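Chain residues, written in single-letter form:
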Amino acid sequence: MAKSSRLHYSPLMHWVSSHARAFLQPFRDWWQRPVEMLMTVLLLAMTLSLPIALGLLVQNVKGAFAHLHTEPTVTFYFKPGTSADAIQAVEARVAHMPGVTKSQFISAEEGRLEFEKTLHVDTVLSALSANPIPAALVVSVRSHTVDDSAILLANIAQDVKDHTHALLQVSMDTVWLKRLSHVLHLVDRLLWLFILLFGATVTLVVSNTVRLNLRRHEIDIQVLGWVGATLAYIRRPFLYHGILLGVWSGIVAWLIAEWMLMILTPVARELTYSYQAELAWVHVSSTALFFILTGSGLLGLLGALIAIWRPLREVF
Amino acid sequence: MIQFQHVTKAYENGSIALDCVSFELGAGEMAFLTGHSGAGKTTLFKLIASIERPTSGQIYVDGLSLTRLSTRSIPFLRRRIGLIFQDPQLLRHRTVFDNVALPLVISGFKASEIKRRVHAALDKVGLLDKEKCLPSTLSSGEHQRIGIARAVVHRPHILLADEPTGNLDPDLALDIMRLFEAFYRVGVTVLIATHDLSLVARLKHRNLILRNGQLTGGLLGGLLDG
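For the record, the sequence lines run as chains X and U.
Here the first sequence stands for residues 19 to 334, numbered as in my numbering.
Here the second sequence stands for residues 99 to 324, numbered as in my numbering.
No lab work stands behind these hints, which were simulated from the structure alone.
Computed from a prediction, not measured in an experiment: that's the story for all the values here.
Okay, the calculated bits of chain X under chain U, using three or more residues with CB under 8 Å as the criterion:
| no. | segment |
| --- | --- |
| 1 | 26-35 |
| 2 | 238-247 |
Anything over 12 Å on all C-beta distances counts as not near chain U; from chain X, calculated:
| no. | residue |
| --- | --- |
| 3 | T119 |
| 4 | A175 |
| 5 | Q176 |
| 6 | T192 |
| 7 | R197 |
| 8 | V205 |
| 9 | L208 |
| 10 | N226 |
| 11 | L273 |
| 12 | T290 |
| 13 | E296 |
| 14 | V302 |
| 15 | L323 |
Where is the CB? At the ideal position from N, CA and C, for every residue including glycine.
If we strip away everything but chain U, and leave its shape as in the complex, we get (with noise of 0.2 Å):
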């Protein structure tokens, strides 16, 4: 489903984000991206969905080749794709259900459907009695849950999640890696960013390490506990 091959991103300004980085997750695949800040995680996340283009190397989402992908098409490879940030950057003048909704809308759904998939969104993190809620008068954890009901309302064959339990306690954590763990197994692929190197610990996946830009590892996470 992912593939990247010598995969390698330089800024302008001279650093090297990604040293030519190879691995490959298949379908229906759920993985941890582990290392420190810096290393490397956000920025792969931005190649994943075309945020950003590699320097060199190939790398395929989905059956595509992103270094051949036009401009024009990077809209519909996002619509693929639910992405997941640390700061969910939510819409401060729209309600909690029309910020779930946008990727719906955006794709041309039917207003009923967007109804029956955001309140599922909803709740399954959890806040469905808030959807008439605007974003100012919710905690940074809400915050959090409605980034994530907005990247699976359209049930995207990939999430990428980057840093999504940053904001959120152990307890709380722990259900949104559930919540994770269940999209996999209606065979979402699932890539997660993370530092808690525990949550990474106690579920059995795959861990990609990242350091200084270069790929280090592919251990399953429950070798970690040894």
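Just chain X, with the same shape it has in the complex (with noise of 0.2 Å):
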């Protein structure tokens, strides 16, 4: 034992080097063939910018979105003739409610006024022998996404129609939230796809350039399976290959998302003002880009597995 480990590392140091030996394996590649190298990395980087500017714009507009400054409402109009009281037991009973920021009375008279500054028609309005304007109560709601908005108000609007029999009419200011959820769940599910076949593009470009790195290395695959090298010895240098090919190709991806958000968010920006959200100026938070990186390595590593997973079983 004593002269065992005077000529052989301790385990865990021929497992470190083992593996700094497997690390190092695809750079010695890649230096013999550094134009097909750059190209793949290339390549796969262009396949992975499109969903990671896509994503992290999607994900910022909906943020925005979230902020707006215009905050969605539901008017609850009173019959002729209800009483201040019922009206303020109304109020009163949404002021609880979940995402309520806030209620405001108008009364009948407020009512007429605002509709004669507005659309200019004193004359029609003081022709009438009564004020045809009937009270109302709007609300407001505030909530984390377009979707949760367009749900409170629909919940408001259906407990207080089932608490009172003094309604006129309830008016939900919910169409252009409607259409915007809409666009947000299409622009989602687009996203979704794009990174489902962006990834399985990544993860068969990797899988095919680690089995044709296989092929240049068989002899020295059969060579190591007769001097006594293990399964995952062999496997270790395609593993790091595939590997280091996903965070390289994370790290130009990084860039080349970077240089499209320069493009995108400008106009993303203007569809935001329109409807009166703020966004920011978008651009690769630290957090994301560490799930770039995550995310292309893990992707690397599956067609590196996908490559060796049969051909080297055969060793042994």
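Got two chains here, separate frames each, mind docking them using the hints?
Printed below as a string of structure tokens:
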């Protein structure tokens, strides 16, 4: 035992050194074929950059819409002659409901004045014997997503309808919310399809690249098998090849995505401004970069595993 | 050290490479394996190193039953064996030193020990001055000697050599055989497959003769002279 430890590295040292060798092997291969490696990384990076840029943009746009300056509202119109107490009871009820930020009572008289001021039709209304404008209660809500706002409004409207008979009409300001929500859902779905398809593309390209590399190293693999290398030892350089290809591609994809966001952000800002939402300048945060590199590394690993799984089993 | 009990190896295409072969090679014994091309010599070596599995029968190597050996244990069996093939399959982009050092690197030997053992192995095959060369700059005879150095550098219990002198001139072939004898003298079990019957005759060791996948004799090499 003493003699063996004098001749051999400790198991931990051996493990570390064999990993270091395996890690460096792809660099040796790339050094011999730099153009091939560069082209593969660029191809993978371009594939990855589209879902990355689109994903970040969509995430930020959704964040901007969650902080809209105009809050969605539901307006309750009351029957003529409804008592102030009944209206106050409704106001008190909605004040404690989730998401409600404010409620504003507009009396029939205030309503008439507002109507006349806005539409300049004072002569028409004064010609009538009674004020046709009903008293109203405008309730504003706020939530994290556009979808949640629509749900909150619907819940409030239903609750008030269930608890008072003095309502003339309920008007929900949700058409634009629904439209926006549909657009965001569509973009979301598209994004997931991009992630799925482009992720699969990256995995397949890495798999093919590693398979080609495996063919170039057929003799090495055979010899390593003869001299007693374990399957893990033989696999390791190819797995590192896949991981490193993924990580390099992730880094280049990050740079391409930043460039794409420089072009796309102004356009997205115009869209959000039209909804009175404010979109900050979109860029790849350090957390996003961490997830990009981890994700691309894992895709590379998956590609390498697919490439080596069967061929290397035949060594044993 | 090596024991075959009624071993048959049939391939998927129906050809039978070995047909009910039985023999035993004791620890520290040296033997030749002769027979025409396609007689099953290489298959027999591959079975000993578990590169292939037998269709039926039992094989014991260095106390291990190969039919019961798990896939995970195969590399550790191969570390007890030195394998030499007619084509040594050297790594083209690695130096002679790196090629020979391969079994030691895999087994986790320290760098200082690797250097010492590789130099000793290269010295034995007369290529110490070529340690920094790439294989592409060397002759086929030198390739074969590098293959031999790689097979013995980790001091295996068993040495299997398949046509090791096929690429060498007669004088060098004899030197290499003497080298194998030197390993045999220090207790290594040596089995050499060869066509060179004159060499077999000169070195008086047991000769296993394979014919159409069957073992037909286990004579002493010296008897062939008569």
